[in-house]
Each structure stands twice: as C-alpha cells, then as structure tokens.
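J.: Sequence:
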Amino acid sequence: MSTSTALTTTETISLGAVSWASITVLVNTFRGEGEPLIAAMAFSALAFAASYALIRWLGDAFMRRGFKGKDLCKVKKNEIPEMMGAVCAMVYLFIVIFFIPWPFYKDIVVATSGGGNRDVIKELEQVETGRLLHRFPHNKLASFLGAILSLQCIVLLGVGDDLFDIRWRHKVLIPAVASIPMLVVYFVDFGVTQMVVPLPLRPYLGELFDLGWVYYVYMALLSIFSSNSINILAGINGIEVAQSIVIAVLIAGNDMLYLSPFTTYPHPATDSHLFSLYFLLPFIGVSCALLKHNWYPAKVFVGDTYCYFAGMVFAVVAILGHFSKTLILLLLPQAFNFVYSAPHFNSLFDDR
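Sequence positions in the sequence shown follow my numbering and run 41 to 392.
One should not assume that every hint holds.
Heads up, simulated DMTMM-like pairs for lysine to aspartate or glutamate below, C-alpha to C-alpha not over 20 Å straight-line [to be verified]:
1) Lys180 <-> Glu75
2) Lys332 <-> Asp111
3) Lys180 <-> Asp111
4) Lys339 <-> Glu51
5) Lys117 <-> Asp100
6) Lys365 <-> Asp202
7) Lys332 <-> Glu51
8) Lys108 <-> Asp250
9) Lys146 <-> Asp250
10) Lys339 <-> Asp147
11) Lys110 <-> Asp100
12) Lys180 <-> Asp311
13) Lys180 <-> Asp201
14) Lys146 <-> Glu75
15) Lys332 <-> Asp147
16) Lys110 <-> Asp202
17) Lys110 <-> Glu51
18) Lys339 <-> Asp100
19) Lys108 <-> Asp201
20) Lys365 <-> Asp250
21) Lys108 <-> Asp202
22) Lys180 <-> Asp100
23) Lys339 <-> Glu75
24) Lys211 <-> Asp201
25) Lys339 <-> Glu247
26) Lys110 <-> Asp250
27) Lys332 <-> Glu119
28) Lys108 <-> Glu119
Now the in silico label distances, taken between C-beta atoms and shown as ranges [stated by the list, open to error]:
29) Lys114 <-> Phe70: 44 to 54 Å
30) Asn118 <-> Tyr380: 22 to 32 Å
31) Val115 <-> Pro373: 24 to 34 Å
32) Pro301 <-> Leu213: 52 to 62 Å
33) Gly72 <-> Val228: 44 to 54 Å
34) Asn68 <-> Thr310: 33 to 43 Å
35) Ile368 <-> Thr49: 39 to 49 Å
36) Ala216 <-> Pro238: 38 to 48 Å
37) Asn118 <-> Pro373: 50 to 60 Å
38) Trp208 <-> Val115: 41 to 51 Å
FYI, nobody ran anything at the bench for these hints, they're computed from the structure.
From the three backbone atoms N, C-alpha and C, an ideal C-beta is built for every residue, glycine too.
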C-alpha cells in the first residue's frame, strides 16, 4: 500500500515561506556581525521545512525497498514507511555542517581580511611566511567537529541496526563506539576529571576529587544510557520523538538562563551553553517535523536510528557543554523505565 507523497497547497506555501524567511535571515546575518544564535534559529526552521518535505516525498521509496512495518496501534494494521528517523538525522547533519562558518564568522573575517572595515579588533601575529596568523579558537572548532563526528558515527551505526536488526547484546554498546571522537576531543581540549565533593564529605576527601580515567568511563556510560533510554521508552506513536523534544526544550531553557539578559554579566559558562544551543535548535526543528508524521495515527515509523541519534545529541551537548549532571536529572523518567524494564532484559543474552 502506497502513501501520499505530495504536499498539499497549504503545506507547500507554508514550507516555502519558512524556507525563504530562513534563507533571508541567514543572508542578513552575514551582512552584520554573524549573529550565530540567530543563524541557528534560522537553520532550525530550515531543518523543519526540509525534514517535513523529505519525509513525505521519500515514504513510497522506502516502502518499495522493504523499509515498512505494520502499525499495531491501529485497528487496520496498514503498512507504513520505517526508518524516517534516518532522513531527519541526515538533514540535521547537513544543517550543522552548513552552520559551521557562523560561530567563527568574526574570526574568519579577521583572518582573511585583517579586519577590513569591520568593527572587530583582534591581535594579529606576523609569521615568517608573511601570512597573518590570528588567534583562531581551534579548541572550539575541535569540539564542534568532534561532536559532528560522533553524531555521524551514531547515525551510521543506527542505520546498520535498522537494516540488519542487530541483537541487543551487541547494539547496547553502539553509543560507546560513537562517543570515542567526542571523548578524545574532551581529553585534548579539557581533560578535567575532577568532581566537586559534597559538603559532608569534604573533611575527608577535600573540595575536589580526581576520578582520573574513571571519569571517561562515566562519560561513555552516559552516552550508552542516553541513547538506549530513548529506545527503551518506545512502542507508542510519537513517544520517542515527543520525549526527545521535551528533553531538548528543557536543556535549551537551561542554556538560555546563562545568556543575557538573564545574567547581569557574562557568565563563564556562556560559550558552553551557546555550543549546546547550536546543536539543540536544529535538532528541535527536525524532531518537530518528524513528530508531525509520527503522532497518532502515525504515518511513518522513526526507527532505531532516531533513538540513537537523539540520545547522542543530548550526550554530546551535556558532556562538551559540561552539564552532564543536568542531563541525568532530565533522564530520570527514562531511568525509572529502565529499572521497570530490567526483568525483561533476558533478550540481551538469548539468540534473538
């Protein structure tokens, strides 16, 4: 059974208007000072429009190639497309890659034109070759690229799971493999493995306690839990995407508290939370488009790719943004569901 792939006139006009407005905003940001947060919002809207249209257009193509399943939540169990989360993940990856110039816009301008007539003052150093070498924030770029690489790895492994139905005993460790680029960047650029000791224990352990290599194990385990927790709390139309949007919005709200006008002075963690917003806003955009198609009665299934992808987005922003404890707090409902589901985890060791 084929599904309708054509956009309605209203949808076409609406998505076209959103896309045009987003592109206009992006062009205007380049005429100004870059404004990466405004650009991230525009890219988020563009991601929504692209995901919404591609999910509709690619539905029949996926079904013809066997990526389909029956919706057990309906009386009439018609077949609908699966793996649409992979479509959203690909749109997201393209969006965040296209976004790379914006956070480093001012630095790029200074590097290429020496500042030109822009109101940007940066210290420049003359090197032997005669080229101008300015103090480019390579550590921030490394964090950005490391995060993208981890997300690319999880999408690739998630698609492999959707295609080959990898056993639970094997796929539970998929996020740990995908987190390696992120952990390497953390080790090179930050390397902080200390934790703040609770007040009652400070007379015995001091104010800070160094966990050493155990801290990296903790971050890898957080990546595993974050990705698989989205996958465990599933089975109802829209629940995977809806819970991801709720978590993303809450994290974004927490990030906004560190920005002006909520702080009277620049907070030391402002850059970390801007980094988080740069990744979360496009994610919210693609997820809203997917939710529109996956909400009851679902017209598409998201597949395991989306669950891994969503969890890794949260792990990336929490670890590289240095607020992993906040993420754990937001994942408490998934933790309760994990404990409740523990008796059914015999499938980790059987042959299915």
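J.: Indicate, hint by hint, whether the structure satisfies it.
T.: Evaluated hints:
A hinted pair counts as satisfied when its Cα atoms are at most 20 Å apart, and Lys180 with Glu75 qualifies at roughly 16 Å. The hinted pair formed by Lys332 and Asp111 meets the criterion: a straight-line CA distance of about 16 Å does not exceed 20 Å. Simply put, Lys180 and Asp111 have alpha-carbon atoms about 44 Å apart, too far for the 20 Å limit, and the pair is violated. Our distance criterion of 20 Å between C-alpha atoms is met by Lys339 and Glu51, whose separation comes to about 16 Å.
With a CA separation close to 17 Å, the supplied pair Lys117 and Asp100 stays within the 20 Å bound. Straight-line distance between C-alpha atoms of Lys365 and Asp202 comes to about 31 Å, which puts the hinted pair past the 20 Å bound. Between Lys332 and Glu51 the alpha-carbon distance is near 12 Å, which keeps this suggested pair within the 20 Å criterion. Of the supplied pair hints, the one linking Lys108 and Asp250 is violated, its CA atoms being roughly 49 Å apart against a limit of 20 Å.
Distance check on the hinted pair: Lys146 and Asp250 sit about 37 Å apart at the alpha-carbon level, beyond 20 Å; violated. Proximity of Lys339 to Asp147 is assessed by CA-CA distance (about 45 Å); at most 20 Å being required, the pair is judged violated. Pair hint Lys110 plus Asp100 holds up; C-alpha atoms about 15 Å apart against a cutoff of 20 Å. Taken as a hint, the Lys180 and Asp311 pair is honoured in the structure, with Cα atoms around 9 Å apart against an allowance of 20 Å.
About 32 Å separates the Cα atoms of Lys180 and Asp201, which puts this hinted pair outside 20 Å; it is violated. Between the alpha carbons of Lys146 and Glu75 the distance comes to roughly 10 Å, so the proposed pair stays at or under 20 Å and holds. Restraint check: the Cα-Cα separation between Lys332 and Asp147 comes to about 39 Å, which exceeds 20 Å; the hinted pair is violated. Proposed proximity of Lys110 and Asp202 is supported: the alpha carbons are some 15 Å apart, at most 20 Å.
Simply put, Lys110 and Glu51 have alpha-carbon atoms about 26 Å apart, too far for the 20 Å limit, and the pair is violated. A hinted pair counts as satisfied when its Cα atoms are at most 20 Å apart, and Lys339 with Asp100 qualifies at roughly 11 Å. For the hint linking Lys108 to Asp201, the alpha-carbon distance of about 15 Å falls within 20 Å, and the restraint holds. Taken as a hint, the Lys365 and Asp250 pair is honoured in the structure, with Cα atoms around 17 Å apart against an allowance of 20 Å.
Of the pairs offered as hints, the one joining Lys108 and Asp202 holds, with about 11 Å between alpha carbons and a cut-off of 20 Å not exceeded. Distance hint between Lys180 and Asp100 is unfulfilled; the C-alpha atoms sit about 41 Å from each other, more than 20 Å. Among the hinted pairs, Lys339 with Glu75 is inconsistent with the structure: their alpha-carbon atoms are about 37 Å apart, more than 20 Å. With a C-alpha separation of about 7 Å, the suggested pair Lys211 and Asp201 falls inside the 20 Å cut-off, and the hint holds.
For the hint pairing Lys339 with Glu247, the CA-to-CA distance comes to about 54 Å; that exceeds 20 Å, so the pair is violated. Only pairs whose Cα atoms come within 20 Å are accepted, and Lys110 paired with Asp250 is rejected, the gap being roughly 51 Å. The hinted pair formed by Lys332 and Glu119 meets the criterion: a straight-line CA distance of about 18 Å does not exceed 20 Å. Restraint check: the Cα-Cα separation between Lys108 and Glu119 comes to about 6 Å, which is no more than 20 Å; the hinted pair holds.
Here the CB-CB span from Lys114 to Phe70 is close to 47 Å, well matched to the stated 44 to 54 Å. Distance hint for Asn118 and Tyr380: a CB-CB separation of about 31 Å, consistent with the stated range 22 to 32 Å. Between Val115 and Pro373 the beta carbon distance is about 29 Å. The supplied range of 24 to 34 Å therefore holds. A beta carbon spacing of about 44 Å between Pro301 and Leu213 contradicts the range 52 to 62 Å that was offered as a hint.
Checked against the hint of 44 to 54 Å, the C-beta distance between Gly72 and Val228 comes to roughly 33 Å, which is inconsistent with it. For Asn68 paired with Thr310, a C-beta distance near 24 Å fails the hint of 33 to 43 Å. In this structure the supplied range 39 to 49 Å holds for Ile368 paired with Thr49, their Cβ-Cβ distance being about 46 Å. Under the hint 38 to 48 Å, the C-beta atoms of Ala216 and Pro238, about 28 Å apart, miss the expected range.
A hinted range of 50 to 60 Å is violated for the C-beta pair Asn118 and Pro373, which are about 31 Å apart. Range check, Trp208 to Val115: Cβ separation about 30 Å, and the 41 to 51 Å hint is violated.
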